[in-house]
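Visitor: For the protein sequence lines, the chains are A and B, in the order given.
Position one of the first sequence corresponds to residue 1 (the numbering used here), numbered consecutively onward.
Position one of the second sequence corresponds to residue 286 (the numbering used here), numbered consecutively onward.
Warning: the hint list may mix true and false statements.
In silico lysine-lysine, DSBU-like type, Cα no more than 35 Å apart, as pairs [to be verified]: (1) Lys181(A) with Lys318(B); (2) Lys653(B) with Lys561(B); (3) Lys653(B) with Lys181(A); (4) Lys342(B) with Lys193(A); (5) Lys318(B) with Lys519(B); (6) Lys519(B) with Lys77(A); (7) Lys293(B) with Lys342(B); (8) Lys193(A) with Lys297(B); (9) Lys103(A) with Lys342(B); (10) Lys181(A) with Lys293(B); (11) Lys297(B) with Lys103(A).
Some chain A residues close to chain B (C-beta under 10 Å, calculated; not the full set) [as the list claims (entries may be wrong)]: (12) His14; (13) Val28; (14) Val88; (15) Pro187; (16) Ile219.
Hints in this document: simulated from the structure, not taken from any laboratory.
A virtual CB, placed ideally from N, CA and C, is assigned to each residue, including glycine.
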Amino acid sequence: MYSRHSVLGSVWRHGIVLLLCAFSVFPVLWIASASFNATNNMQTQQLIPPQPSLVHYRELLNSERYDFFGWLWNSLKITLITASLTVVLAGLGAYSFSRFRFKGRRVGLLGLLLIQMFPQMLAMVAIFLLILSLGDVFPWAGLNTHTGLILVYLGGAMGFNTWLMKGYFDTIPRSLEESAKVDGASPFQAFYKIVLPLARPILATIFILSFISTYSELIIASILLRSNDMFTLPVGMNLLISDQYGRRWGMFAAGALVSMIPFLVAFILAQRSLVSGLTRGSVKE
Amino acid sequence: MIWRLLAKYWAKVIILGTLVAVSIYVSIYLLGKGMYIPAAMPLIGSGLISYIFLSSKRYPLRWLVPGLIFLAVMVAYPIGYTFVSSFTNVGTGHMLSRTQAVDQLLGRTYAPADAQTYSYAAFANEAGELALVLTAEGESLLYVAGEASSIQLSDSRFLDQDGDGSAEAFGEYRRLSIAQIVPRLSELETYAIDFEGAEIGLRDLNTWVTRAPLYEYDETTSTMTDLTTGVLYKAVDGIFTAEDGSEIYPGYRVGVGLRNYARLLTNPQIAGPFAKVFIWTFVFALLTTILNFSLGLGTAVLLNDPFLRFRTLYRVLMVIPYALPGFITILVWRGMLNESFGIINVILTSVFGAGARVKWLTDPMWAKTSILLVNLWLGYPYMMLISLGSLQSIPGSLYEAAKVDGARWWQQFWRITLPLLLMPLGPLLVGTFAFNFNNFTLIYLLTEGGPPIAGSVTPAGATDILISYTYNLAFQGDRGNQLGLAAAVSVLIFLIIGTISAINFRMTGALEELSKNV
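Generate the whole structure from the sequences, applying the supplied hints.
Guide: The following block contains the structure:
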């Protein structure tokens, strides 16, 4: 379908592609520039800051009303705990589905497949009422607690990740575990010492996918978290800017740039699996 | 060996025992609140778990238990409970169960005409604990640590050093001045002192008064009687209502059948905006999928060209939007699209004059355009990446054969590239559709669903999609939380997503695959 370009053909191709690159890159350059521009005003902002300064980063560090670094810490804490526990829970479940044959296995697998079709957030009303009443019994897991939020996230991640992991476990030959069992290993030892090390790629993939989706989760966090000091970044950054683009643009820009870093790192690590069909277009955006 | 087995056995007994104990505690707590069905859940759950861990036949299930608990409690139960809630009136003023509401109303009191009033002195010890001495007609009572008892003012614990007739101390408790009492008034207001069959409560800063229950509840007829006026309140739709229509809050949750659904479909003030939201959800999800895919595929075709230089660099630059968190970049776009300060309007007005200012986020049509534009920016890199992957798997010989037959490039594209791409990418496109169908983050952060639809009694905006509309109904405080109605919308989304997924399964054969090789 392709052939060597004429000069004209070369020009229009590069023209279109460069235009698209500009479309993709401009907003990012613009926000980066805003964070180093001494002015807080969007109208007078220039793409190349006339007097680059770190004043907005300092503002961010010292703000009493907007505890940006508190939110960053909350986000990282919640995200890392959720991702780690997701790997553990999905790993245990997937191993059982992959290696054991038991009554209810097919129904269980089918159930997982069906349940993961429905995004958990659709049940937001019920989740809110559930956590509200959970807090009556266990105040440490009620509304406005990180524990409650993590519990909800863990449930939402189970279906899809167990399936993904089971598929990978299925490709690991059983003969390795069987020989370990002959040597007297218990099923758990066989899982822990043989299957898990071999499954490292999928464990890493699930960890990072879970990191990416939890880090950006907005709706459940904004329903369950009520006070400023408990917010995660998506809830907090929305509050910080709250349509005050004329007044807090610079400070927001500095926060935006910092917030991007953990996500970007996770993305680069997970690039390959994000691009292959693994995630069915539903992980982020 | 035997010791290890014993230790393992005892560890199991202790852990399961704790689990059962905690679940019994939770059940009793819920029973006390009149929540009978939720109260059964922990018992059933802990019973099942104990069985699984004690029966060797159920060994494989032990591995599943931890994950399944979360799945059951945080996904399956909420989904089921959403269905149930959609048939109730749960929401502001109707949050409690019937038992809770009745209990709360029966706890209300008033001061009858023949009430006894008390003057009082308050004392506090070093720890800040209070002792109250209430006096009326020469009789006194002491209230300390939640217990009331008779006391004589001649009691030796009263210390009246200056001899003015009022004690400065009571045992280790020191007298509080009025100024010291004021900050603790809200605490005093919660006291209900039970003394010789009467309840005594704080009336004002200086006096306490005996109180009588305000309402009397008749279990058999489910009616509430106001004892001050004698007005009879009947239970109507989850709230006690008098003949003249006056109601006593709080109400309680009660089944309303299909009324929530009926309101969405027939109540003109709700149904009109709801229909708009419903249609826009489909239009948005479909258009955004088509737009993103078209641009993504077009870019992929350009970048797949081996004669194009710098294509790796181009690809990296174009993927940037996909590699950054959407919740940040959407807010950045919201700033860039800002009507007065945003860079886009600044450029437009400087090139075309002040008349070129566009209401990107406040005019219904432009807001919809902005949503599609920003989502194109967010989503086309993903489409480009998956298209690039699939393009490379199309054998070049097909194109050579087509060329030999004299096909032009666009014929090659329509007859070879597109059909061969749609096969593997079809399910991903359906996935993108389903994802955007519920793309709450985009709508909420870019336009908050706005601009509002005029004349709507529910909070609905021109760019609201079903999920953001649900969120508004349930959690936007200004018009009350209509949780029941929101649940009904959720159920509709469930049905739509279920249908889409069923089609997707049919297309990919996922279920057949499942039954073949699980």
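Visitor: Decide, hint by hint, whether the structure agrees.
Guide: Consistency of the hints with the structure:
1. Lys181(A) with Lys318(B): violated, 51 Å
2. Lys653(B) with Lys561(B): holds, 13 Å
3. Lys653(B) with Lys181(A): violated, 61 Å
4. Lys342(B) with Lys193(A): holds, 24 Å
5. Lys318(B) with Lys519(B): holds, 22 Å
6. Lys519(B) with Lys77(A): At roughly 51 Å apart (the allowed maximum being 35 Å), Lys77(A) and Lys519(B) break the hint.
7. Lys293(B) with Lys342(B): Answer holds: Lys293(B) to Lys342(B) is near 18 Å, not above 35 Å.
8. Lys193(A) with Lys297(B): Holds: Lys193(A) and Lys297(B) sit about 23 Å apart, inside 35 Å.
9. Lys103(A) with Lys342(B): Roughly 10 Å between the alpha carbons, so the hint for Lys103(A) and Lys342(B) holds.
10. Lys181(A) with Lys293(B): Distance of about 20 Å is within 35 Å: holds.
11. Lys297(B) with Lys103(A): Cα-Cα ~24 Å, so holds.
12. His14: With a closest approach of 8 Å, the His14(A) hint holds.
13. Val28: This interface hint holds because 6 Å falls under the 10 Å limit.
14. Val88: holds, 8 Å
15. Pro187: holds, 8 Å
16. Ile219: holds, 5 Å
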